[in-house]
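Student: Here is what each chain is made of, one letter per residue.
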Amino acid sequence: MIDTPIAARESIRIPVTGMTCAACQARVQSALAREPGVSNASVNLMMESAAVTFDPAVTNADRIVAAVRATGYGAELPATDTSPFLEQEARDRSQRTELRVMTSKAIMSFAIGALAMLVPMLTMRSAAFTSALPYLLLVLTASVMAWAGRHFYVNAWNALKHHSADMDTLIAAGTGAAFLYSVVATFAPGFFVSHGVAPNLYYEAVIIIIALVLTGNVFEARAKRSTSTALRSLVELQPVSARVVRGEQEVDVPVASVIPGDVLLVRAGERIPVDGEIVSGASAIDESMLTGESMPVEKGAGDRVIGATINRTGAFRYRATTLGADSTLARIVRLMRDAQSSRAPIQALADRVSEIFVPVVISLSIATFAIWFVAIHLSGALPATAAVRAFAAAVAVLIIACPCAMGLAVPTAVMVATGRGAEYGILIKGGEALQRTGDLTTVVLDKTGTITEGVPTVTDVIVSPGSARDADELLRLVASLESESAHPLAAAIVKHAEARGLVRESIQSSELIVGRGVTGVVGTSALAVGNAALMADWSVSTAPLAVQAGALAGNGKTVVYVTIDGALAGALAIADPIRATSRDAIARLRTMGLAVVMLTGDDERTAQAIARDAGVERVVAGVRPEGKVAEIARLQREGAVVAMVGDGINDAPALAQADIGMAMGGGAAIATEAAEIVLMRSDLTAVTQAIALSRRTMRTMKQNLFWAFIYNVIGIPIAAGVLYPAFGVLLTPVIASAAMAFSSVSVVANSLRLKRARLS
Amino acid sequence: MTLVDWVVIAGAAAAIGVVNWYFFIASRGHAKMRHEH
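In the order they appear, the protein sequences are chains C and A. Here our numbering is used: the first residue of the first sequence is 46, the next is one more, and so on. Here our numbering is used: the first residue of the second sequence is 228, the next is one more, and so on.
No lab work stands behind these hints: they were computed from the structure. Treat the hints with caution; some may be incorrect.
Per label pair, the in silico range of CB-to-CB distance [said to hold, decoys possible]:
id, chain 1, residue 1, chain 2, residue 2, range
1, A, Gly244, C, Thr175, 40 to 50 Å
2, C, Gly82, A, Trp248, 40 to 50 Å
3, C, Arg79, A, Trp248, 19 to 29 Å
4, A, Gly244, C, Ala191, 49 to 59 Å
Computed footprint of chain A on chain C; a stretch qualifies when at least three of its residues, placed anywhere within it, have a C-beta under 8 Å from a C-beta of chain A [stated by the list, open to error]:
id, region
5, 198-210
6, 401-414
7, 558-570
Among chain C residues calculated to face chain A with C-beta under 10 Å, some are [stated by the list, open to error]:
id, residue
8, Ala432
9, Ala588
10, Ala591
Built from N, CA and C at the ideal position, the CB exists for glycine as well.
Produce the entire structure from the sequences given, and follow the hints as far as they go.
Tutor: Structural data, given as structure tokens:
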């Protein structure tokens, strides 16, 4: 890493425990934002972590942890130097434990609640038991509150100390009020009786409310686990052992003890243990788990293989390159984890709402009590009767208004969508990227390596009329001359000759003429291979091939003329072929309502030919790399939300300028900082899938927020009793708590539908 | 409307006032203090 002297920044990820809802998250977030020296903080409820960027000159990790703890939540210094795999496993374990504890608490609470409801009914006849019953129920309820419901009260109290409130506050206030009321009724029933009201006990209601809220939490925790299955299944791909060739022997060693440079052996059907480069042998390799590409890829000596992919057919030896935390799989896991813990801008809406929500609800609950009291009292009831009924309505308002569905609406969708993307080989770096991708209006495609294969290939060999040499002989001589050149066109010619099994001849001399071509002597023939300008220099007329050459150039091909011993012998046409999937993908982008623009450094005529072939409507030709940035900026000024699709290495500035940069090209592209989306497949259909997924996800988020909000908008007035005068409908606190649990579960279920989203 | 009703209404209004003061106004001062600190 290079040290930057100005504005030094460090980033840490702190595990935060005890957050249960959006309000908790908002509280930790604002506490971190207030901390001096913290430039950016992103707290994620689902991942139970906070990503913090800070200036080490002003603050440090210890102080940041202390700031989180001061809000009443648990925080720890991140363990240093753990691999993303170990980290993920540790989180899995703690999630499993949490789920188990919560499930047993919920079941026990239900059992005790059922007992508390049934026992009074069964023992109605026994006078002695009836008088002892309230005390028994008091003890049972107090134990359930202290054991199963403890965290509600602890969290609510911690929040209260910091002038904030969350869903736990509502539950604590609701159950606490019902409990205190019942305690008074237990010890001083005479007070109620003397006012003509039965000394109602709400003990079983308290227990059942706690049981229901816990059940909601259990479903939530299970949903949280299943939203991260994609990440978990990636971690599980990590092989355990590797077969290393040491001297003459093959030794099985743990993957962790493989070092770069080790030669490893992989047989058919085995998982490739680490990243590396094939030394000998060849095979078809199934990379579908990382790229989403279902066809195995043929690889041979010199090709790179990726750890965790499966070797399908042959055996090969390869040399280990990147390992451990630098490996492709580890980088994907880390990228996914960071993405899942990031926040979508739309989340800010939910945070804002839940922060002001709780005080408003408490106010509404108090108002409900007052209005009901006065209404019932005015209708002729005794004040105590009025108080009892008004009280039930007020508690129901507190319970039904829990904003937890609001807090789950956005993060669950982000988690499921990023996981779904990964299954298609689309790595989306976070909620913000998802949201902006959903808003795209224009897709800018780099030509070379994006629309096209990126590898120039000889497409035509033309022999001049009357030439003594046939096409193969022409190709053989040209390939011989070009074999020493590093030019990409030269490489295409040499490769084509090799593919046809032509044997190259030795070169007597050769000279490279920049911008023109190459000249030299091969065997006994003097050759000049290059463009029309080179031919003109040599006073060779290209007229005999003018018609054919014109047609080839019109199709976007580069024509290379060949002169042998001073006479025009023929020409080669070289083109970068369009990828098989590009046409369909571009057509699909257009049907999705997106403008498609192609950027290329090629001249206008070649560019137009390719664009026509690929179905692109707008072409900007002759742009240099820096010109791409300017072109994207121009589109943005016109109001377009632009995605740039490029190879991630040459196009980095353009990717950074675009609203969404999509880097294509697999493993190497993951490291590209400039891209918001990494496409593991070199295939434009991945672009359409990424956009389709983002649009679906945004739709899901909006549905979730709408339902979470509407639920409260409808639920609170019903609990407050607005329907009572007309229909006699009033919610009991128990029904209110069931409805609340249901709303969270429905939001999570809606997000989980993204898991099955079809993108093609 | 009897005295009891008025007492309940006044009590509720006061309670609502306290809740909103505590969470909105007092919390702002609280945050500001910490920020300046």
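Student: Decide, hint by hint, whether the structure agrees.
Tutor: Here is how each hint holds up against the structure:
1. Distance hint for A/Gly244 and C/Thr175: a CB-CB separation of about 43 Å, consistent with the stated range 40 to 50 Å.
2. The hinted window of 40 to 50 Å between C/Gly82 and A/Trp248 is violated, with their beta carbons roughly 32 Å apart.
3. For the pair C/Arg79 and A/Trp248, the beta carbons lie near 21 Å from each other, so the given range of 19 to 29 Å is met.
4. At about 32 Å, the CB distance of A/Gly244 to C/Ala191 disagrees with the hint of 49 to 59 Å.
5. Taking a C-beta to C-beta cut-off of 8 Å, the region 198-210 of chain C contributes 4 residues in contact with chain A, enough for the three needed, and the coverage statement holds.
6. For a cut-off of 8 Å, the count of residues in the region 401-414 of chain C with a CB near a CB of chain A stands at 8, and the three-residue condition holds.
7. With 0 residues having a Cβ less than 8 Å from any Cβ of chain A, the region 558-570 of chain C misses the three-residue criterion, and the hint is violated.
8. A cut of 10 Å between beta carbons decides the hint on C/Ala432: the least distance to chain A is about 8 Å, and the hint holds.
9. Hint on C/Ala588 is violated. Least Cβ distance to chain A is approximately 81 Å, over the 10 Å limit.
10. Annotation: C/Ala591 was flagged as interfacial toward chain A, and the flag is violated, the nearest CB pair being 77 Å apart, outside 10 Å.
In terms of the numbered hints stated before, the structure departs from hints 2, 4, 7, 9, 10, listed from lowest to highest.
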